[in-house]
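Join these two chains into a complex; the hints should help.
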Amino acid sequence: MTISKNIYLELTEEFNVGRQRAIISGGQAVVLHRLALMSKDGDWILREDEECLRHILLVLSKRGAVYRFGAPLDIRWMAAGWSAHLEFNCDGMRIRTDFVTRPPRLSARRLAAIWREQENNALPYLGVADLIETKKTNREKDYVVIGELARLSVGVEEKMQYSRSARELMELAEHYPENVVEAIKQRPALAAVADGLDALETALDAERRYLIHANEARLLRYLKAAELWRKSWPGLAPVMRQKPLLEAHEDMVKRAEDLLPTVVPGGLA
Amino acid sequence: MIRIQDQFLSEEDLDLKNLSWEELNRVWTAWLKQAQSTNDLDKDAYSHGVFVAVEGYEDDTCPDV
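Residue numbers (our numbering), protein chains in the order written: chain E, 1 to 269; chain W, 1 to 65.
Okay, chain W solo, but in the shape it has when bound (with noise of 0.2 Å):
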């Protein structure tokens, strides 16, 4: 019987567990180091707190300066 299942992430995102944890240290570390490409595009994002921005506040984003 086929049996479908929903997907939130993919099967490359869920292999990290399938790794030792030099390897989750490496490939994390690596990933840390590709993703500074985006620096400038997120300079101004929050990923948790209460600074993130909310969708229709008229004040600007952060103002780092």
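Just chain E, same shape as in the assembly (with noise of 0.2 Å):
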């Protein structure tokens, strides 16, 4: 498939010349799954190796971008679950880079598989199981977009993992009865379809609040990590605004080293 121009699918293709660097995820793989528009910025999975990290960086320098707040694009901070986050202009919009190596409630398992499977594609992007786990955030609206993508699931297992719709969990759970005591033990939340429809929405939506309040504690954990990290960013930043992306970001990696962890306990859970 040719790859047309979109300055999403571009980064793409200049991040994965010559190997498979960087897979689309976040709202613009909802994008290519084909069910809404809903952000502006990019979010890429990297592979967690110095010459990857050190082609983003190029790739990104040769547009003018500059860091925001978060963590350096290096392998220290990428391995501990930290993000990475830089923007630039282009055609007159601004074009921000979001950048994990860990993405949450991804398991190491997981994460080589989608590596193996993505391998060969020339758009690689997270398929719907993937990118339903990573969209289990704080924010209501994910939850919004986890129930279409959900209808998007193949098979009966997966369609029981991750629909979001009391009413087709009942008429699964109705078709497929076999299937529903083995999706409890991964979906506790599923037990509720032998008490009805009401009961399975309550347990639908306490289920939605506990991944809210789960992803909330995670976070929280960076945040505090980060404190004197965030102390100490209204003096780097303009300093290194003023430099190239590569010099900046050497700027960053010393101060980072004395100031933002590199292990941030509970972080990767």
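These aren't lab readings, by the way, just hints derived from the structure by calculation.
Virtual Cβ for every residue (Gly too), placed ideally from N, Cα, C.
Treat the hints with care, since some could be wrong.
Claimed, not checked - Taking lysine-lysine pairs in the DSS-like style, the calculated list, with each CA pair at most 25 Å apart, reads: (1) Lys43(W) - Lys62(E); (2) Lys136(E) - Lys17(W); (3) Lys224(E) - Lys254(E); (4) Lys62(E) - Lys5(E).
Stated by the list, open to error - Not close to chain W: a few residues of chain E, all C-beta gaps over 10 Å, as computed: (5) Gly92; (6) Glu174; (7) Pro265; (8) Ala269.
Shown next as structure tokens:
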């Protein structure tokens, strides 16, 4: 397939010259699943190796990108689950690029499988189930997207794991009762199927609130770990912005070595 | 029989699937250009990553300068 020149696709092509380094996730993956246009930012999962991160920085430096507040695009912080955020202007548009190497809620094993699956894709982007996992955030709007993504699921097991529609889950349970028992082990909210539609709707609401709080707790660990870094940023950023990105990156790494921990207890849990 | 289905996104949102690849790219880029009008409103926002604002957290959001 020839990839046309939307900026996010253009960037993905550049990121992946020579090897597969970047997989589209987030809102632009939602577009590629043909669901909705709802995000201005680009999100990628990157390979966690130094060549990859250097290449990404090189691509962005050619575009005049600058760092936003975040972690350096350096393996020490990426491996701890931090995220790196950069932006540049292109054709009058503000383009934001957000990166992780360890997306939340995807195990190391699953991540390795994703890289294998995407190896030869000219346009690599997260599949439905993986994208849903990354969208179990603390934002209500992400659960709306999960609801629609789940309708793209293939197979009864996947639909039972991810559907946000109590009606659809009740129908699935009626047609495939043998799958429900197994599905409950992965998704306890499904136990409410036995008690009817109202009970299942209540259980799904509670599940959503649980996921929201879980993600908030995870983010708070990082926000607290970044407090000294946050305080230093207003002094560091203006100096960095006067320099080409690769030099600014070196400055940022030196300061981060003192102020931003490379281990966040419970961060990757 | 009338069947009620849960609605998550609107039908307009979901019409992307009927677009050709070229149409999708055009609509996508046009949407991005139009969305630039809210840049001032979301200049401190993060859509993903670990620097997303958490309600109730006392410190300021992104200290971008």
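Each hint, compared with the structure:
| no. | hint | in the structure |
| --- | --- | --- |
| 1 | Lys43(W) - Lys62(E) | holds (23 Å) |
| 2 | Lys136(E) - Lys17(W) | holds (24 Å) |
| 3 | Lys224(E) - Lys254(E) | holds (20 Å) |
| 4 | Lys62(E) - Lys5(E) | holds (17 Å) |
| 5 | Gly92 | violated (7 Å) |
| 6 | Glu174 | holds (14 Å) |
| 7 | Pro265 | holds (14 Å) |
| 8 | Ala269 | holds (13 Å) |
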